[in-house]
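In the order they appear, the protein sequences are chains A and B.
My numbering puts the first residue of the first sequence at 149, with every later residue one more than the last.
My numbering puts the first residue of the second sequence at 204, with every later residue one more than the last.
If you are wondering where the hints come from, they were derived from the structure by calculation, not from laboratory data.
Being a predicted model, the structure only gives us computed values, none of them experimental.
Ideal Cβ positions, reconstructed from N, Cα and C, are used throughout, including at glycine.
Certain hints may be false.
Unchecked claim - Per label pair, the in silico range of CB-to-CB distance:
1. A:Asp176 with B:Asp245: 25 to 35 Å
2. B:Gln310 with A:Asn420: 35 to 45 Å
3. A:Glu564 with B:Asp245: 31 to 41 Å
4. A:Ile153 with B:Gln310: 14 to 24 Å
5. A:Glu698 with B:Gln310: 53 to 63 Å
6. A:Met629 with B:Asn205: 42 to 52 Å
7. B:Leu269 with A:Glu698: 47 to 57 Å
8. A:Ser279 with B:Asp245: 41 to 51 Å
9. A:Asn420 with B:Glu311: 33 to 43 Å
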Amino acid sequence: MRKSIGYAGLILEVDLSEQHLRVRELPDDMCRGYLGGIGFNARIVYDQVPAGTDPLGPDNVLVFGVGAMVGSPFPTASRTEVSAKSPMTGLFGTSNSGMFFGIQLKNAGFDALVIKGQSPTPVYLLIEDGSVNILGAAEIWGQDSWAALDILKNKYPGAEAALIGPAGENRVRFACIENSYYDAWARTGLGAVMGAKKLKAIVVRGRQGLSPHRTDSFIEIAWKARQLIESSPFFQPFKSYGSMNAAMPYGSFKALNAHNFNRGCLPDWKENFARNKVEELTKGHIACQSCIIACAHWVEIREGPYQGLKMKDMEVTPTVSFGSGCGMSLEACVKAAEMGQRYGMDMVSAASVMAMAAEMFTRGTITAEELGYELNFGDDVAMLRLMDDIAHRRGLGDILAEGAKLAGQKIAGGEEYAMHIKGLEMPMIDPRGRFSTWSLGMLTNVRGGDHLRCRNPIENLRYNENKFAYQKERFGFDQKMYEALDMPDHLKKKAIDLEADTTDIAIMSRWAEDLINLFNALGVCIRPPVEHKIGPTILAEAFTAWTGMEMTAEELMCAAERIWNVMKLFNLREGEKTEDSRFPGRFYQEDGGAVKLDEQQITRVLRQYYQARGWEPDSGRPSPEKIKELGLD
Amino acid sequence: MNRLIIIDSNKCTGCGLCQMACSIHRNGQCEASLARILIYRDEKAGIFIPMTCRQCTDPPCAAACLMNVISKDYETGITIRNLEGCISCRVCQVACPFAASIFNYLQERVENCDQCGGDPQCVKYCPYGALKYTDLTDNMDLVRDAEAKRRLLP
């Protein structure tokens with residue numbers, strides 16, 4: 149068996165139209181320039197998907213890139229990025245997920261998997277220790293993802309699978325790719341891309357094993373990283389409550405999506421979704437590969453209409469999206485999550501179009517006759533029924549399955565209720581209640597309305613006061629936290645003003661985006677305790693010891709910046725415009741219980757962001773100098 | 204004084220760091236199937252049960268061994284293998300009721316946990332305290348509890 153240092157060393161290309169397989173060696177310059185994970189994906193999608201390609205046609209390319217440090221005991225190194233041209237946005241579609249798929253793919257011999265073409269009949273892919281087969285999927289096509297997984301896991305014990313459910317098969321635009329039973333590459337509609345290729349599942353099983361270039365020093369660095377993460381003040385809360393931590397402070401700031409962003413928080417939110425209620429339903433923690441936090445919980449519903457439901461759940465984003473966005477009960481949120489997983493649908497987008505439909509119903513834009521039933525906020529049964537209709541494209545569900553943007557265009561008078569940025573539905577954070585690095589990041593995000601590609605590594609959930617609205621957010625920590633933050637000194641001085649106790653939103657956004665890109669390239673998780681404590685310095689040490697490629701912290705950040713620019717260039721080639729970086733109209737016209745957004749101020753901070761990126765401030769395009777500096781000319 | 208790795212499967216999150224730790228420290232390679240500890244995973248029930256050598260007083264692997272290379276060190280309580288005489292027939296793997304005899308495909312021989320000479324790395328890496336390295340006499344309750352849970356599970 150081949151011994152691999154850090155990387156598995158191979159890229160697998162599968163052409164489903166030609167039923168053709170090709171394996172190529174992973175070039176060194178690809179590793180140095182793009183690191184892995186999202187980096188490989190960005191380069192491959194940019195190079196292989198021509199401008200104007202139909203996202204659901206055979207020319208779209210679906211790439212699975214495993215993080216460079218996946219397969220090691222580096223804490224939280226488990227993550228794999230999947231990318232393609234998005235059927236939601238028409239721009240760079242990409243999503244990240246952990247668990248055990250990545251380590252299995254790498255142990256089966258491949259750092260990346262590139263899927264092209266379109267199969268005439270449903271197939272699945274079996275990858276085992278260097279052997280690859282395209283097999284008929286008649287037995288599992290049409291099955292929900294859990295039923296299909298049962299069959300596959302029974303057939304291939306110990307294997308992991310990425311697969312789609314009925315939503316992906318039906319090309320629901322926001323269909324996701326399921327990662328085993330409870331996780332997913334959810335956002336930007338990659339499941340629809342996989343469904344259009346008639347690829348039901350990718351089953352991977354491998355035991356090749358990876359070795360560090362320098363075992364002793366890698367073990368030492370990984371242990372140091374673990375101690376750093378454990379020393380973060382965010383560590384214990386995340387260990388105990390997972391991502392649900394953010395739900396309460398955001399509710400109190402009126403910065404949560406409530407009833408399709410009609411207001412910043414539901415009046416009974418605190419009682420119905422408080423920690424103790426969440427605790428009643430949860431027991432035990434569940435981790436991804438090599439994770440010391442284990443933020444996910446095992447949930448069991450013991451009474452009521454959803455009694456007997458058991459699954460991994462209670463992640464903040466879907467819970468708030470269904471609970472607050474659609475007004476559903478906590479128990480029904482778990483049911484919705486189960487349906488989201490079985491059908492293979494992005495829960496943020498699904499909840500957003502469901503809330504949009506409820507608002508349209510409430511305002512009379514659509515009627516009970518068109519829907520087949522009444523759809524009020526807080527009506528669990530009707531909401532779940534609509535979710536089912538969307539997955540199977542029944543009735544009005546067929547139009548809503550196109551996503552908020554297209555559904556808004558198709559339904560007369562519906563456009564103003566579509567809460568999306570660049571075609572991707574916004575998650576639960578309302579910028580009117582708290583404008584921060586996070587909020588700006590939703591506008592600058594290459595994948596559209598989403599909160600996961602830009603978050604201040606020292607995000608402060610305790611405050612939402614805004615002394616210098618739109619320009620700064622409150623820093624809110626002491627000198628020790630400032631000093632411990634792994635950021636180059638000159639940049640840190642510009643980004644954080646200790647005396648004024650402020651963080652500059654534009655500068656921090658740029659840093660946070662690159663940092664998260666670096667995490668997604670290396671396969672490390674972006675959970676707050678990790679993002680807070682793990683910076684480019686220790687990642688450079690770990691990367692060098694793991695792969696044997698000497699890289700400094702600056703070089704890693706430069707690669708991360710290069711990746712971001714490549715994704716942006718892809719978007720620009722597809723016709724993205726500066727005016728697309730805009731919140732939905734509602735945010736400028738209604739206060740949502742907080743304050744209306746000021747469009748001029750946002751344009752100003754966007755310009756500052758473009759400048760911080762070395763882009764042209766008017767057009768928001770990477771400048772020729774920047775392109776040259778990153779070696780992209 | 205005999206010490207044992209005691210497993211409380213209720214605390215296991217399934218992160219696999221015990222396997223990573225074992226595999227990298229003992230083989231210089233990161234691969235779960237090389238680890239001398241394994242995790243039985245039932246994802247659909249949310250159950251993860253780590254299993255490793257229980258250092259049986261009268262080990263079935265030793266009784267099964269055709270070459271008589273497995274024996275007990277009664278001072279430490281550890282089941283030891285004289286690998287020079289091992290013919291890799293893997294009968295000991297069949298005999299172990301806990302699936303704790305691991306075939307190391309790099310070395311082409313069967314191994315069991317030897318508690319890393321008194322500093323078991325799996326225990327050190329376990330982030331949730333599902334693994335404990337402890338004195339048996341003081342912790343029989345823990346052992347019984349863990350064992351009872353193991354037996355009661357489907």
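>> A range of 35 to 45 Å was offered for this pair. Does it hold for the Cβ distance of B:Gln310 and A:Asn420?
In response: violated (57 Å)
> In this structure, is the beta-carbon distance linking A:Glu564 and B:Asp245 contained in 31 to 41 Å?
Replying inline: Check failed, 48 Å falls outside 31 to 41 Å.
>> The hint says 42 to 52 Å between A:Met629 and B:Asn205; measuring C-beta to C-beta, is that right?
In response: holds (46 Å)
> So does A:Ser279 sit 41 to 51 Å from B:Asp245, Cβ to Cβ?
Replying inline: violated (28 Å)
> At the C-beta level, are B:Leu269 and A:Glu698 separated by a distance inside 47 to 57 Å?
Replying inline: holds (50 Å)
>> Can you tell me whether the CB distance of A:Asp176 to B:Asp245 sits inside 25 to 35 Å?
In response: Given a distance of about 42 Å, which is not inside 25 to 35 Å, the answer is violated.
>> Between the beta carbons of A:Asn420 and B:Glu311, is the distance compatible with 33 to 43 Å?
In response: Between A:Asn420 and B:Glu311, where Cβ atoms are some 59 Å apart, the hint is violated.
>> Looking only at beta-carbon atoms, does the pair A:Ile153, B:Gln310 fall within the given range of 14 to 24 Å?
In response: Taking Cβ atoms as reference, A:Ile153 and B:Gln310 lie about 20 Å apart, which means the hint holds.
>> 53 to 63 Å was suggested as the range; check whether the CB atoms of A:Glu698 and B:Gln310 agree with it.
In response: violated (32 Å)
Of the numbered hints given earlier, the model fails hints 1, 2, 3, 5, 8 and 9; all others are met.
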